[in-house]
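Peer 1: According to this note's numbering, the residues represented by the sequence shown are 54 to 360, in order.
Treat the hints with care, as some may be off.
Stated by the list, open to error - Derived DEER-like restraints, expressed as beta-carbon distance ranges:
1. Q224 to T71: 21 to 31 angstroms
2. R193 to E302: 26 to 36 angstroms
3. T71 to E302: 30 to 40 angstroms
4. S351 to E74: 45 to 55 angstroms
5. N321 to H214: 41 to 51 angstroms
6. A117 to K229: 19 to 29 angstroms
7. T92 to K229: 20 to 30 angstroms
8. G160 to T215: 23 to 33 angstroms
9. S351 to R207: 18 to 28 angstroms
Just so you know, the hints here were simulated from the structure itself, not pulled from any lab data. Just so you know, even glycine gets a beta-carbon here, dropped at the ideal spot from N, CA and C.
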Amino acid sequence: MQGKVYKSTGSWYVVKTTEGETWNARLKGLFKLDGITSTNPIAVGDDVDLQPENETEQSAIISAIHQRHNYINRQSPSHKMQHHIVAANIDQSLLVVTLKEPRTSQGFIDRWLVTCEAYHVPAILLFNKSDLYGKKEEERFAEWKAMYEAIGYRLIRMSVHTREGLDEVNQLLRDKISLLSGHSGVGKSSFLNAVYPDLHLKTQNVSGWSGKGIHTTTFAEMFDLPDGGRIIDTPGMREFGLVDITKQELSGYFPEMRALSGQCQFNNCLHLGEPGCRVKEAVAAGRISPHRYTSYCSILDSILSFF
Numbered sequence: 054m055q056g057k058v059y060k061s062t063g064s065w066y067v068v069k070t071t072e073g074e075t076w077n078a079r080l081k082g083l084f085k086l087d088g089i090t091s092t093n094p095i096a097v098g099d100d101v102d103l104q105p106e107n108e109t110e111q112s113a114i115i116s117a118i119h120q121r122h123n124y125i126n127r128q129s130p131s132h133k134m135q136h137h138i139v140a141a142n143i144d145q146s147l148l149v150v151t152l153k154e155p156r157t158s159q160g161f162i163d164r165w166l167v168t169c170e171a172y173h174v175p176a177i178l179l180f181n182k183s184d185l186y187g188k189k190e191e192e193r194f195a196e197w198k199a200m201y202e203a204i205g206y207r208l209i210r211m212s213v214h215t216r217e218g219l220d221e222v223n224q225l226l227r228d229k230i231s232l233l234s235g236h237s238g239v240g241k242s243s244f245l246n247a248v249y250p251d252l253h254l255k256t257q258n259v260s261g262w263s264g265k266g267i268h269t270t271t272f273a274e275m276f277d278l279p280d281g282g283r284i285i286d287t288p289g290m291r292e293f294g295l296v297d298i299t300k301q302e303l304s305g306y307f308p309e310m311r312a313l314s315g316q317c318q319f320n321n322c323l324h325l326g327e328p329g330c331r332v333k334e335a336v337a338a339g340r341i342s343p344h345r346y347t348s349y350c351s352i353l354d355s356i357l358s359f360f
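Model the full structure from these sequences, guided by the hints.
Peer 2: See the structure below:
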């Protein structure tokens, strides 16, 4: 049998076959050793082969994993030298961003965008909780909207409470496999419940004493959408660590820097203090956002420090 992984709990997987049957599956013993170095050798979205183990209980063995056409990964929170695959075989990534309760940092956004660029996954930014915006948030939203749209990213203003933007996002989800991510407490589960009430996902408010969101999704899980398509809900992340990206590659994952690729005086220019750097010239001339350049330097510094 062949199927797609809908849920991963670390040791057991929920797999839906091409015929629409749902099976509980586990890995074949030696399969974990087959050249897979991530903390989770199988991720939600993977296409796999199944061998029935107990047909009465609908349990099976995963005997093979098909070639992935893409995936999103991050640094494993528990094993810093390994990566953790967030999801595989996705058409687009939706990052839910909030400007308050809790506040998403630009650094978090840019790290996510770099990863999407690295693995060729189209990225869309959903700015949720717009009903809470005051003057400061309105100004920041306008600034970030101009900055990200100028380099080609789609940005949608959204409020689950007022339903602003929900129809627009719903249209984006049709007939695609979408990954939904963000900090804890940004409203991922509330958004899904608002658009698809039959999912009945658990939600909790942001922790008042810390301003940090409370995790409501324990494991990544894929859901079939009534209008066509599938969406993968992921556990909230406090941080997003990059893996498998070198210092030489990083600027190529910033679209505005990639456009200047090869124009610097030195082929190995890191766009820091080297002479003849076209990126630095573009920053000074206002053609590249200084905030994005600062973010690039911060990420580059973390890569240099890591190694």
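Peer 1: Each hint should be assessed against the structure and marked as holding or not.
Peer 2: Against the structure, the hints:
no.: 1; hint: Q224 to T71: 21 to 31 angstroms; verdict: holds, 27 angstroms
no.: 2; hint: R193 to E302: 26 to 36 angstroms; verdict: holds, 30 angstroms
no.: 3; hint: T71 to E302: 30 to 40 angstroms; verdict: holds, 37 angstroms
no.: 4; hint: S351 to E74: 45 to 55 angstroms; verdict: holds, 47 angstroms
no.: 5; hint: N321 to H214: 41 to 51 angstroms; verdict: holds, 50 angstroms
no.: 6; hint: A117 to K229: 19 to 29 angstroms; verdict: holds, 26 angstroms
no.: 7; hint: T92 to K229: 20 to 30 angstroms; verdict: holds, 27 angstroms
no.: 8; hint: G160 to T215: 23 to 33 angstroms; verdict: holds, 29 angstroms
no.: 9; hint: S351 to R207: 18 to 28 angstroms; verdict: holds, 24 angstroms
Checked against the numbered hints above, the structure breaks none of them.
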